[in-house]
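*Asks:* The residues making up each chain are set out below.
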Amino acid sequence: MVFNHFRNIQFNCIVFFLTFNINTFSQDVSDCDLKFIDHLVKTGCFEEALYLLDSGECFLFQINDSVNYLKGWSLYSLGRLESSSEYLLKINTESSLYLKSHFYAAYNYSQSGNYEKAIDVLDKINLNSENLISLKNYQIAGIKLLQSDIPSFEEWLNRANGIHSEIIKSSDDLRNISEGMKNHNYKSPLIAGLLSGIVPGSGKLYAGKRGEAIAAFLSTATLGFITWENYRKDGLKDIKTLAFGTALAVSYISNIYGSVFTVRIIKTEYNENVKSSILFNLHIPLHSTFGK
Amino acid sequence: MLKALFCSTCIFLFTVLSANRFFAQDYFTKAVRTFSEGRYFEASIEFERAIFYESDSNCTVLYKYYKSLCYKGLAQYNKALEELKGINLENVHDTLFMMIRYEQAVCSYFNNDINQALSDINEIRARFKDTIDSLDIIPLNILCLNALRNWGNALVLWKKYIENYCLQDSLKEIFKTEITGLYNKENIPRFYSPEKAGNLSRFIPGSGQMYCGSVPEGAFNFLINISLLGYSAWEIYSRYYFTGNYIGLGLFYRFYMGGINRAFNLAIEKNEEGIKRFNAENSSLMLRIISTKYLKE
Numbered sequence: 222m223v224f225n226h227f228r229n230i231q232f233n234c235i236v237f238f239l240t241f242n243i244n245t246f247s248q249d250v251s252d253c254d255l256k257f258i259d260h261l262v263k264t265g266c267f268e269e270a271l272y273l274l275d276s277g278e279c280f281l282f283q284i285n286d287s288v289n290y291l292k293g294w295s296l297y298s299l300g301r302l303e304s305s306s307e308y309l310l311k312i313n314t315e316s317s318l319y320l321k322s323h324f325y326a327a328y329n330y331s332q333s334g335n336y337e338k339a340i341d342v343l344d345k346i347n348l349n350s351e352n353l354i355s356l357k358n359y360q361i362a363g364i365k366l367l368q369s370d371i372p373s374f375e376e377w378l379n380r381a382n383g384i385h386s387e388i389i390k391s392s393d394d395l396r397n398i399s400e401g402m403k404n405h406n407y408k409s410p411l412i413a414g415l416l417s418g419i420v421p422g423s424g425k426l427y428a429g430k431r432g433e434a435i436a437a438f439l440s441t442a443t444l445g446f447i448t449w450e451n452y453r454k455d456g457l458k459d460i461k462t463l464a465f466g467t468a469l470a471v472s473y474i475s476n477i478y479g480s481v482f483t484v485r486i487i488k489t490e491y492n493e494n495v496k497s498s499i500l501f502n503l504h505i506p507l508h509s510t511f512g513k
Numbered sequence: 170m171l172k173a174l175f176c177s178t179c180i181f182l183f184t185v186l187s188a189n190r191f192f193a194q195d196y197f198t199k200a201v202r203t204f205s206e207g208r209y210f211e212a213s214i215e216f217e218r219a220i221f222y223e224s225d226s227n228c229t230v231l232y233k234y235y236k237s238l239c240y241k242g243l244a245q246y247n248k249a250l251e252e253l254k255g256i257n258l259e260n261v262h263d264t265l266f267m268m269i270r271y272e273q274a275v276c277s278y279f280n281n282d283i284n285q286a287l288s289d290i291n292e293i294r295a296r297f298k299d300t301i302d303s304l305d306i307i308p309l310n311i312l313c314l315n316a317l318r319n320w321g322n323a324l325v326l327w328k329k330y331i332e333n334y335c336l337q338d339s340l341k342e343i344f345k346t347e348i349t350g351l352y353n354k355e356n357i358p359r360f361y362s363p364e365k366a367g368n369l370s371r372f373i374p375g376s377g378q379m380y381c382g383s384v385p386e387g388a389f390n391f392l393i394n395i396s397l398l399g400y401s402a403w404e405i406y407s408r409y410y411f412t413g414n415y416i417g418l419g420l421f422y423r424f425y426m427g428g429i430n431r432a433f434n435l436a437i438e439k440n441e442e443g444i445k446r447f448n449a450e451n452s453s454l455m456l457r458i459i460s461t462k463y464l465k466e
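Residue numbers (my numbering), protein chains in the order written: chain A, 222 to 513; chain B, 170 to 466.
These are calculated hints, taken from the structure and not from any lab test.
Wrong hints could be hidden among the right ones.
[As the list claims (entries may be wrong)] Pairs of lysine-lysine residues, derived as PhoX-like cross-links and limited to a Cα-Cα distance of at most 20 angstroms, are as follows:
1. Lys338(A) to Lys458(A)
2. Lys345(B) to Lys328(B)
3. Lys263(A) to Lys248(B)
4. Lys345(B) to Lys256(A)
5. Lys321(A) to Lys338(A)
6. Lys488(A) to Lys408(A)
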């Protein structure tokens, strides 16, 4: 009887393994090969991964969470943020990838400047752990800072007082950035234009571009001297005086416009730098919570 | 019971591993078919898939080699080189070794890294001394030597190539005469020294461009420079000091310095053009020799 029992177990084991192997063989090579696509994503071959995900192989699996995740992640890595969010948000709440994908979708919206949508996505995430709630509040605080809404930023950051060491460290950085924003004095384009109208190049000096200011002053002054020289010798109606006078006027006006433009560029540069610093600090806790 | 478990585990492992290998070979076949259709991007993905599922390292080497060919087809020579450099050449049999090194040399040549291409060719030559296989690398070697203006050695290799290639004696003579004509002094691309061109333009504006064979451009540059200099002199003579100095001399300085740089770059451009034309003539001759052999066969 004992012998028969062993025979039965032996038979069952063989049947189990054979069934498993038949299943393995029956896998059609034209199926959506997620294991391989995952390998492509991990090795940085995002274009290739997207090609496979968009091809007929995976067409029938568009509702699959893994497909949407891999697609969203590839698009995120290629910097196609809006489309990436679209796919990441398709992932169901039951999926183990749900939290990561929704947090990253919100981050994508923050990166592309769609702040309202980013907050909306974060608001809708179902969270039950203290750590994740703290992370969510921290992300909202960062978005508020991106919107230059400093009181709301401080309010949300206080709510993000977390257990998470990365959040504590990044919070300090965000506070420093907000202090910098509060104390930063934007240069006025109007003053820059007026200054350049009085002394060519001085508007650029006011904007902080010393080299450009000297170059602008010298070129306008030289043209001024040349025009004056021709005017003194040949009079106002001489063709040379008129030509150099026109060149001087163009140089003078373009210098005023250039000063206004320089101040605007400096403002944009400062805002871009602040934005990238905030986004960097928003990414660190995301990275440490969900991994690469 | 233990015996049964052991047997089952063995069957399980064997079938899982062999299933992966089965898939790998299936993907490889699909990749080769896609590659032959000229769909290199799709083929590169399939080769990568074959690499991913393959457990036999020898097969992986072959798949990687094919994947590099896809990148070459897409003119992504850096990626092709990266793929080839990632191949472990230990225990690779001679033919495959030669194919890999040859592809590396070709990609380096297209990437304008001629010295690396020659180094790969020399490695093949060191491994396959005086074998018939080493004949196949001669055309590429000739192109590399031409790119480095090493005409003497290129001509020696040409003669060796024709001598050892399976051709009729009469044809050999015809091709040898043609090659001697090709490497004639008048036909060899002239070397224009960029430094010399720049210096010539420094002394006489426009003469550097003329030295590089662009006579109208040189003449135009000379006329502009001389006119600006004349204008400047005239203005200063007429006591228009600001106009003469800043407009006349300022513009002259711009055109003068620009002319020097242009002459320097023109010499480099002309040298590259010359080598390109000469190598195109070499390539068409090589193709004719190869097609003659196939026609004969």
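*Asks:* Check whether the Cα positions of Lys263(A) and Lys248(B) lie no farther apart than 20 angstroms.
*Replies:* With a Cα-Cα distance of about 17 angstroms, the restraint between Lys263(A) and Lys248(B) holds, given a limit of 20 angstroms.
*Asks:* Holds or violated: Lys338(A) with Lys458(A), Cα cutoff 20 angstroms?
*Replies:* Outside the cut-off at roughly 63 angstroms; violated.
*Asks:* Is it true that the CA of Lys321(A) sits at most 20 angstroms from the CA of Lys338(A)?
*Replies:* Distance ~17 angstroms between Lys321(A) and Lys338(A) Cα, so the pair holds.
*Asks:* Take a quick look at whether Lys488(A) and Lys408(A) sit within 20 angstroms of each other, Cα to Cα.
*Replies:* holds (8 angstroms)
*Asks:* Is the Cα-Cα distance between Lys345(B) and Lys328(B) 20 angstroms or less?
*Replies:* holds (7 angstroms)
*Asks:* Just to be careful, I want the Cα atoms of Lys345(B) and Lys256(A) compared with a cutoff of 20 angstroms; is the pair within it?
*Replies:* The hint is violated at about 57 angstroms.
Violation of the numbered hints given earlier is confined to hints 1, 4; the remaining hints are satisfied by the structure.
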